[in-house]
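Chains P and S are the protein sequences, given in the same order.
When we follow the numbering used here, the leftmost residue of the first sequence carries the number 69, and every step to the right adds one.
When we follow the numbering used here, the leftmost residue of the second sequence carries the number 526, and every step to the right adds one.
It should be emphasised that the hints constitute simulated quantities derived from the structure, not laboratory data.
Note that CB positions come from ideal geometry on N, CA and C, so glycine has one too.
Warning: the hint list may mix true and false statements.
Said to hold, decoys possible - Derived DEER-like restraints, expressed as beta-carbon distance ranges:
hint, chain 1, residue 1, chain 2, residue 2, range
1, P, D234, S, S530, 57 to 67 Å
2, P, K180, S, Q737, 54 to 64 Å
3, S, T666, P, V124, 50 to 60 Å
4, S, R785, P, V76, 30 to 40 Å
5, S, V576, P, V244, 35 to 45 Å
6, P, G260, S, D574, 39 to 49 Å
7, S, K600, P, K180, 34 to 44 Å
8, S, S681, P, E142, 56 to 66 Å
As the list claims (entries may be wrong) - Cross-link-like lysine-lysine pairs, in silico, DSSO-like; alpha carbons within 27 Å at most:
hint, chain 1, residue 1, chain 2, residue 2
9, S, K792, P, K156
10, P, K181, S, K784
11, P, K125, S, K782
12, P, K125, P, K164
13, P, K164, S, K549
14, S, K767, P, K164
15, S, K782, P, K185
16, P, K156, P, K185
17, P, K185, S, K652
18, P, K181, S, K746
19, P, K156, S, K767
20, S, K784, P, K185
21, P, K156, S, K784
22, S, K767, P, K183
23, P, K125, S, K559
24, S, K792, P, K125
25, S, K732, P, K164
26, S, K766, P, K156
27, P, K181, S, K792
28, S, K784, P, K183
29, S, K566, S, K696
30, P, K180, S, K566
Unchecked claim - Some but not every residue of chain P turned toward chain S, in silico, with C-beta under 7 Å:
hint, residue
31, P110
32, P113
33, E114
34, V270
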Amino acid sequence: DYPVSPGVIDWSNLYPRFQQGDEVKFCDVGCGYGGLLVTLSPMFPEKYMVGFEIRVKVSDYVNDRFLALRQEDEVFHNAGVIRTNAMKYLPNFFRKGQLEKMFILYPDPHFKKCKHKWRIVSEGLLAEYAYVLQVGGLVYTVSDVKEVHDWMVDHFTNFPLFERHDPSEADKAAQVLIGSTEEGKKVLRNQGQSWTAIFRRVDDPHILNSQAS
Amino acid sequence: VSTQSTGETFDRGFQKQGSTVAVKRPTSVQVTSKNVVISDKSGDAYSYDLVLSNRKYLLGHVSVVMDMVLTPDQKFLITCDRDEKIRVSQFPNCYNIESYLLGHEEYVLQILLLSPNILLSVGGDQKLLLWDLSSQTLLQTLSSSHGDYTSVTFSSPYLLTCNTRHVTVYKLSDNTLTQVSEHVSDHDVLNLAASDSRVMMLTREPKLESYQFSEGVMSSKSEVEGEFELGKCVDCALPEKKKVVRTAGFTEYFERKRKRIEEEALKETKQANLST
C-alpha cells in the first residue's frame with residue numbers, strides 16, 4: 069500500500085492518461101468519501117490530484133466512485149485515491165517540493181491530551197509537509213471544531229517554514245473548501261460553523277539569516 | 526544515557542557535569558562541542574547544552590527513532606526509524622528536511638558514517654545499503670544470507686557485521702564494500718567492537734572474547750578474565766517485522782466484496798430470466 073520510494077511508483081495505474089514527466093500536484097490528506105476531489109477535478113483539469121485515506125472501505129468506495137464517474141465523463145481522469153497512512157508515508161509518494169497544494173479538511177480532533185500526538189497537524193509532521201510542498205505551495209485547512217482550528221493556526225504560524233496566507237480572489241480551491249465535502253455539507257445542514265485557514269510554504273529564515281550575516 | 530530515561534554528562538576526568546530526565550526512553554546520543562542530542566523511543570530528538578539543561582525540540586518521527594548520526598561538519602542530523610525511513614535534516618534547523626534516503630523494506634536498525642560523505646544503513650530486511658550523502662544516491666546493496674543483522678561496527682577501513690553468530694568483515698575502498706573474511710562464533714554475539722588491531726565480542730554465554738585483527742582477518746582468540754552478568758537491557762529484541770502483519774485486513778474485505786458482487790450479479794440474472 070505504499071512504495072519504497074517516489075521513484076518507483078507507476079502513477080499510470082491510478083490515472084489512465086498519466087504520461088512520463090507528469091506529476092501529482094495536489095494531495096487531500098484524509099480525503100474521506102472523495103467530495104473535495106470530485107469538486108476539484110473538473111476545476112483543475114490539467115493537474116493530477118490524489119487523496120489519501122486510511123480506511124479500507126472508504127478508500128475502496130472512493131476508488132469505485134471515480135471509476136464510475138470516469139465512465140460517464142472523462143473529465144475525472146486526473147483524480148484518484150490511495151489507501152495509506154498519510155502520517156507515515158508522505159515522503160514515500162512525493163519527492164521534495166513536488167506538491168503545489170495540500171488539503172487538510174475536517175481532521176480528527178483527537179481531543180484527549182494523550183492522543184494529541186496523533187493529530188494530523190503536529191510540530192513533527194509540519195516538517196514533512198514543508199518537505200513535500202514546493203516553496204510558495206499552499207496548505208488549506210478546515211475544521212468545525214474551534215479548538216482544532218486554533219491548534220492548526222498556532223502550529224503552522226509558529227513553524228519557521230510556513231506563514232498564514234490570505235487567498236486571492238482567483239484562488240478557486242479556497243472557495244470550495246467548505247461546501248464540497250460530505251463533512252462540510254453535514255456541518256452546513258446542522259447549521260454549525262466551519263473555520264478555514266490557509267498557509268504558504270516559505271524559505272527557511274535560518275538560512276536567509278546566516279546568509280545575511 | 527540509561528534505559529531509566531536518565532542522562533548524565535561527564536568531563537574527561539569522569540566528573541559528573543550534569544544530569545536530566547529524558548522525555549522518553551532514549552535510543553541514541555550524539556555529542557558535539559556545544560550540545561548533546563538525544564533521540565527517543567517516541568520518535569523525537571532533542572538537543573541540550575553540555576550540562577543537560579535548555580532542552581529544545583529538534584524533530585519528530587512518527588515511529589521509534591532507532592539510531593542517529595550527526596555529520597562531522599555538524600550540518601546534518603541523520604535519523605532512522607522503524608518505518609524504514611532514513612531522514613537527513615539540516616542542523617540545528619532540523620525542521621528543514623534535506624532529504625530522505627529510502628530503500629529499506631523493514632525497520633532501519635543502525636546507521637553509520639563510514640566517511641564524511643558515505644552512510645551505511647542496516648535494515649530488518651537483511652540488507653546493508655551504502656549511500657552517497659551529497660548526491661543522495663544508493664551506491665551499493667549487500668544482502669545477508671545468515672538471517673537478521675544484530676549489530677554492525679566500523680573501524681576504518683573495515684566494516685564488521687554480525688548476524689547472531691555469523692561475523693563478516695568487509696573492506697571499504699573506492700566507496701565499495703568487498704568481503705574480506707568470515708567468522709562463526711560458538712555463541713550468540715550480543716555486541717562487537719573493533720580497533721586497528723583488535724576485535725572484541727560480547728557473547729551470550731556470557732563471555733568477552735578478544736581477537737587479534739589484522740588485514741581484516743580475526744585470529745588468536747583469547748578470553749577476557751572476569752565474571753560477567755548480562756543486564757536486561759543488553760538482550761534487546763529486534764523489532765517486529767511489518768510485511769507479515771500488513772495484508773490481513775485487506776484480503777478479508779475484498780473477499781467479502783467479491784462475494785457480494787457475485788451474489789448480486791446472480792440475483793440480477795435470475796430476475797432477468799424470470800421476466801423473459
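Worksheet item: Checked against the structure, which of the hints given earlier come out wrong?
Response: Going through the list in order, the structure violates hints 1, 3, 5, 9, 10, 12, 13, 15, 17, 18, 20, 21, 23, 25, 27, 28, 29, 31, 32, 33, 34 and respects the others.
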